[in-house]
Amino acid sequence: MICVATHYLDLADEVCPVPLLRVQEALRQAAAGDTVVARLGHARAVRNVMEWAEREGISFTVRDERGGTWQVSLRKNGGDAGGVRP
Amino acid sequence: MVVGAGVVAAALLLAGLPVAAGFWVFGFGVGYVVQRSRLCFVGAVRDLLLWRIPSLARAVALLLAVSLVGVAAVQHFTGAPGNVFPVGWHTVVGGLLFGLGMGLAGSCALTTLVRLGEGTAVYALALAGLVGGGLIGLVLRAWWTARLGAGTVVFLPDVLGWPLSLLAGLAVLGGIALAAGLAGTRARGRWPAGASASRTAKGFRAGAAGGAG
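Protein chains in written order, with the working numbering: chain A, 1 to 86; chain B, 1001 to 1213.
Keep in mind that the hints were calculated from the coordinates and are not lab data. C-beta: ideal position from N, C-alpha, C; glycine also. Watch out, some of these pointers could steer you wrong.
Claimed, not checked - Here are the simulated distance ranges between beta carbons: (1) A/68 to B/1050: 20 to 26 Å; (2) B/1117 to A/10: 17 to 23 Å; (3) A/54 to B/1003: 35 to 41 Å; (4) B/1071 to A/57: 39 to 45 Å.
Unchecked claim - What the simulated footprint calls covered on chain A by chain B, stretch by stretch (three residues with Cβ under 8 Å from a Cβ of chain B suffice, anywhere in the stretch; the number is not a length): (5) 38-50; (6) 55-68.
Next comes chain A alone, as it looks inside the complex (with noise of 0.2 Å):
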């Protein structure tokens, strides 16, 4: 049986470098196939994600939650690769 689970994160208020820290932590941490869903309070700590996200390729969507705050949906590639591009 395949379950899938989405954790969320709120690292609005977080200085950094802990958003991406605790990005990764969630990510290690979660099965394949898993999302980890981030709050993000400052702009450069949402480039830190999606440029660490796109070097390592792992797919992720960012939403601009205009006030200030992104949501940042990563996905945990699954198989043997292991979130890592071959």
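Since the structure of chain A is provided, determine the placement of chain B on it from the hints.
Quick look at chain B alone, frame taken from chain A:
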């Protein structure tokens, strides 16, 4: 907000304070660029060391290169005296102390203002520390100057000449930008890396990291 800033600038002009109006407009413009560009001097070092993300390090190197040329041009052609301070062991100690503070706050003076303006309340503490530390430094400055003496003042153009010192500065910054980019490229696919990650890396690779927390 732009309208509000314009109203204040107009009010300052009408009040017969053109210099203040100029500072106001300039400050507003700089603040806008700084916030939009997501520039961060702490991030430049931290992102590179922690995650091998090179974008900020390269941006800061580019910023310094542009300012280097600009400041050199102003100093060279107008003969404006540079504000050059003595260099010595205290420069290193001061730099480490300042860096420690920046690391703990997670921001330089620039990002402290930006994030406080964005509404992250905890940065009021960082700003209070910044202003408090600056005041203490100001009060104790004469005391330190008396104890450390005049020290050695090094102005590179006096030592190397203008062209060579400019070239050396640009070469160092270019080297930093290149090295940062290279580090970023080489880090691809290495995550999870580092001591704290190795504990869970095995479970992660197997795609069954649920129990490996």
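Outcome of the hint check:
Residue 68 of chain A and residue 1050 of chain B have their C-beta atoms about 25 Å apart, which keeps the hinted 20 to 26 Å range intact. The hinted range of 17 to 23 Å is satisfied by residue 1117 of chain B and residue 10 of chain A, whose Cβ atoms lie roughly 21 Å apart. Taking the beta carbon of each, residue 54 of chain A and residue 1003 of chain B are about 37 Å apart, inside 35 to 41 Å as hinted. Taking 39 to 45 Å as the suggested C-beta distance range, the pair residue 1071 of chain B and residue 57 of chain A conforms, at roughly 42 Å.
With 6 residues having a beta carbon nearer than 8 Å to a beta carbon of chain B, the stretch 38-50 of chain A meets the requirement of three or more and the stated coverage holds. With 4 residues carrying a beta carbon less than 8 Å from a beta carbon of chain B, the stretch 55-68 of chain A meets the three-residue requirement, and the given coverage holds.
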